[in-house]
Amino acid sequence: MALPGLLFEQAPPISVPLRFFLVAPWFGVAAALMLALAGPDSLASRWDPSAVAATHLLTLGVLAMCMIGALMQMLPVVAGAALTRPNRLAWLIQPPLMLGVLLLAWGFTAGRTEILLAALAPLALALFAFVGVALSAMASAAAKNATITAMRLALAALALTVSLGLLAAWTYAGRTGLPLPTLADIHLGWGLLGWIGILVVGVAYQVVPMFQMTPPYPLALTRSLGWLMAGGPAAFSLGRSFELEWLTRGTTMILFAGFALFAATTLRLQRQRRRPLPDITLRFWRVAMVSLLASGAVWLLGLIAPPIAASPRQPLVLGILWLMGFAWSAVNGMLYKIVPFLVWLHLQSQRPPRGTTPNMKQVIAETATRRQALTHETALILLLAACFLRQFFYPALLVGALSFAQVGANLLSAWRCYRLHVRRLSQGVPASSP
Amino acid sequence: MTNLPPERILDARGLEPPEPLERTLEALDTLQPAERLRVLLPREPFPLYAILDRWGYRRQTEALPDGSFAVLIWRD
Numbered sequence: 036m037a038l039p040g041l042l043f044e045q046a047p048p049i050s051v052p053l054r055f056f057l058v059a060p061w062f063g064v065a066a067a068l069m070l071a072l073a074g075p076d077s078l079a080s081r082w083d084p085s086a087v088a089a090t091h092l093l094t095l096g097v098l099a100m101c102m103i104g105a106l107m108q109m110l111p112v113v114a115g116a117a118l119t120r121p122n123r124l125a126w127l128i129q130p131p132l133m134l135g136v137l138l139l140a141w142g143f144t145a146g147r148t149e150i151l152l153a154a155l156a157p158l159a160l161a162l163f164a165f166v167g168v169a170l171s172a173m174a175s176a177a178a179k180n181a182t183i184t185a186m187r188l189a190l191a192a193l194a195l196t197v198s199l200g201l202l203a204a205w206t207y208a209g210r211t212g213l214p215l216p217t218l219a220d221i222h223l224g225w226g227l228l229g230w231i232g233i234l235v236v237g238v239a240y241q242v243v244p245m246f247q248m249t250p251p252y253p254l255a256l257t258r259s260l261g262w263l264m265a266g267g268p269a270a271f272s273l274g275r276s277f278e279l280e281w282l283t284r285g286t287t288m289i290l291f292a293g294f295a296l297f298a299a300t301t302l303r304l305q306r307q308r309r310r311p312l313p314d315i316t317l318r319f320w321r322v323a324m325v326s327l328l329a330s331g332a333v334w335l336l337g338l339i340a341p342p343i344a345a346s347p348r349q350p351l352v353l354g355i356l357w358l359m360g361f362a363w364s365a366v367n368g369m370l371y372k373i374v375p376f377l378v379w380l381h382l383q384s385q386r387p388p389r390g391t392t393p394n395m396k397q398v399i400a401e402t403a404t405r406r407q408a409l410t411h412e413t414a415l416i417l418l419l420a421a422c423f424l425r426q427f428f429y430p431a432l433l434v435g436a437l438s439f440a441q442v443g444a445n446l447l448s449a450w451r452c453y454r455l456h457v458r459r460l461s462q463g464v465p466a467s468s469p
Numbered sequence: 101m102t103n104l105p106p107e108r109i110l111d112a113r114g115l116e117p118p119e120p121l122e123r124t125l126e127a128l129d130t131l132q133p134a135e136r137l138r139v140l141l142p143r144e145p146f147p148l149y150a151i152l153d154r155w156g157y158r159r160q161t162e163a164l165p166d167g168s169f170a171v172l173i174w175r176d
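Chains as they are written, first to last, in the numbering used here: chain P, 36 to 469; chain F, 101 to 176.
One or more hints might be untrue.
Label-pair ranges, simulated between beta-carbon atoms [said to hold, decoys possible]:
{"id": "1", "chain 1": "P", "residue 1": "P253", "chain 2": "F", "residue 2": "E116", "range": "19 to 29 Å"}
{"id": "2", "chain 1": "F", "residue 1": "R113", "chain 2": "P", "residue 2": "F277", "range": "45 to 55 Å"}
{"id": "3", "chain 1": "F", "residue 1": "R159", "chain 2": "P", "residue 2": "R123", "range": "27 to 37 Å"}
{"id": "4", "chain 1": "F", "residue 1": "R159", "chain 2": "P", "residue 2": "F423", "range": "51 to 61 Å"}
{"id": "5", "chain 1": "P", "residue 1": "P430", "chain 2": "F", "residue 2": "A163", "range": "49 to 59 Å"}
{"id": "6", "chain 1": "F", "residue 1": "G114", "chain 2": "P", "residue 2": "A174", "range": "28 to 38 Å"}
The set of hints was computed from the structure by calculation and includes no laboratory data.
Glycine included, each C-beta is placed from N, C-alpha and C at the ideal position.
Work out the full structure: start from the sequences and follow the hints.
Structure representation (structure tokens):
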């Protein structure tokens with residue numbers, strides 16, 4: 036007889052990943068609110084302090100928050116790598132991460148370096164603790180595949196991103212004499228292309244075939260992309276540090292080509308899926324892949340036409356396409372698979388009588404997720420338009436905030452559904468689903 | 101010849117998650133004490149292991165050459 040308690044801890048309690056998912060969308064609302072308060076000039080340049088603050092609310096508050104929650108769930112489930120004391124770990128990571136992001140955003144917008152510097156310790160604690168624990172758990176992982184390799188690479192890229200970010204913040208506060216633009220570029224190279232890019236690609240290898248019922252990604256693609264993504268950000272950093280323009284440009288071109296190949300392959304696989312039924316996650320993933328292709332095109336345009344590369348709008352368009360279009364669409368879509376699955380799984384593990392608990396599709400109302408997908412797509416278009424036309428600034432933020440609030444409400448409804456059924460099961464009340 | 105306990109086979113490859121898990125749990129509900137269940141799955145089912153361990157089932161996993169997995173489930 037196995038030791039049930041011990042082994043069940045392979046999967047963390049549902050509250051561990053959910054606490055990350057439930058708070059994440061509200062940082063998106065905060066980002067929109069902050070930009071609205073700063074006014075339309077905040078989208079004039081990527082160096083605007085409010086734009087930098089909003090970017091970190093999105094990358095750390097929304098994306099890293101979801102990705103950490105998802106990894107804490109996925110490491111044991113996909114990789115067979117058990118996290119010790121996941122509950123305590125969540126407490127160690129989430130409160131300092133939330134505090135750090137808010138202080139960072141406040142420090143940037145208020146132009147107060149002492150607050151900016153105060154954000155660094157909690158951020159470093161949360162993110163380094165997470166990377167350390169996740170990498171050591173993966174060292175003993177039972178499974179070996181392209182996703183595991185990508186997760187390791189992504190975690191290493193996150194550690195580098197954080198280290199460079201700390202250094203950039205010190206430099207911003209005038210504590211080092213390092214060149215800030217170079218440092219910031221290398222920081223965002225590792226963050227956007229490394230951590231976010233590699234993680235989404237690596238997770239896609241598992242979840243696209245699994246949930247969208249497509250054929251697997253070709254082995255030749257996953258192998259060559261693995262090498263490219265390991266070497267790409269490193270070569271980019273070298274090129275940028277030593278001002279080797281040919282290396283920086285060459286690497287970015289190859290990297291964007293690699294990501295474009297990944298996006299095109301994903302779209303092709305999705306057309307070959309075995310059950311061509313409408314699916315909300317698929318819709319989000321298509322937006323993500325189209326945004327990825329579009330960001331490659333915008334980058335390429337900059338190389339062909341120097342006025343485009345010189346325009347302050349190009350990095351903003353790229354940032355919106357990469358963060359909101361590619362990364363957030365993919366994560367937003369995945370949340371609608373992960374969260375209902377977790378609710379379903381944790382209810383099943385209590386062995387309810389047949390037909391008394393909801394199935395996966397009943398956990399979050401489909402009409403609500405479809406409505407949010409439409410809001411998200413509208414927000415994305417309006418945000419891109421706002422890079423060029425000021426009159427779209429407030430409508431874009433309003434719709435963007437609405438979209439994040441809808442995600443927040445949808446995830447909350449899943450949590451309520453879970454609580455309701457747990458209560459009914461513990462009271463022995465037969466409940467009709469959902 | 102040894103007398104192996106009767107074995108039921110459930111092929112859950114090609115189903116959309118969480119259907120493979122759903123079908124497996126359904127099959128367990130009707131599994132006779134002397135019976136064993138062999139489930140064919142598209143990938144290694146770590147969440148299923150957690151549930152089986154919790155419910156007190158024994159299990160044995162075999163990786164098949166085509167990349168899928170066979171999990172044999174029984175009670176002592």
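Verification of the hints:
In this structure, P253/P and E116/F meet the distance hint of 19 to 29 Å, their C-beta atoms being roughly 22 Å apart. Restraint check, R113/F to F277/P: a C-beta distance of roughly 52 Å satisfies the suggested window 45 to 55 Å. Range check, R159/F to R123/P: Cβ separation about 29 Å, and the 27 to 37 Å hint holds. Between R159/F and F423/P the C-beta distance comes to about 59 Å, which sits within the given range of 51 to 61 Å.
Separated by about 54 Å at the C-beta atoms, P430/P and A163/F satisfy the suggested range of 49 to 59 Å. Checking the proposed 28 to 38 Å range against G114/F and A174/P shows it holds: the Cβ atoms sit about 34 Å from each other.
Violation of the numbered hints given earlier is absent; every hint is satisfied by the structure.
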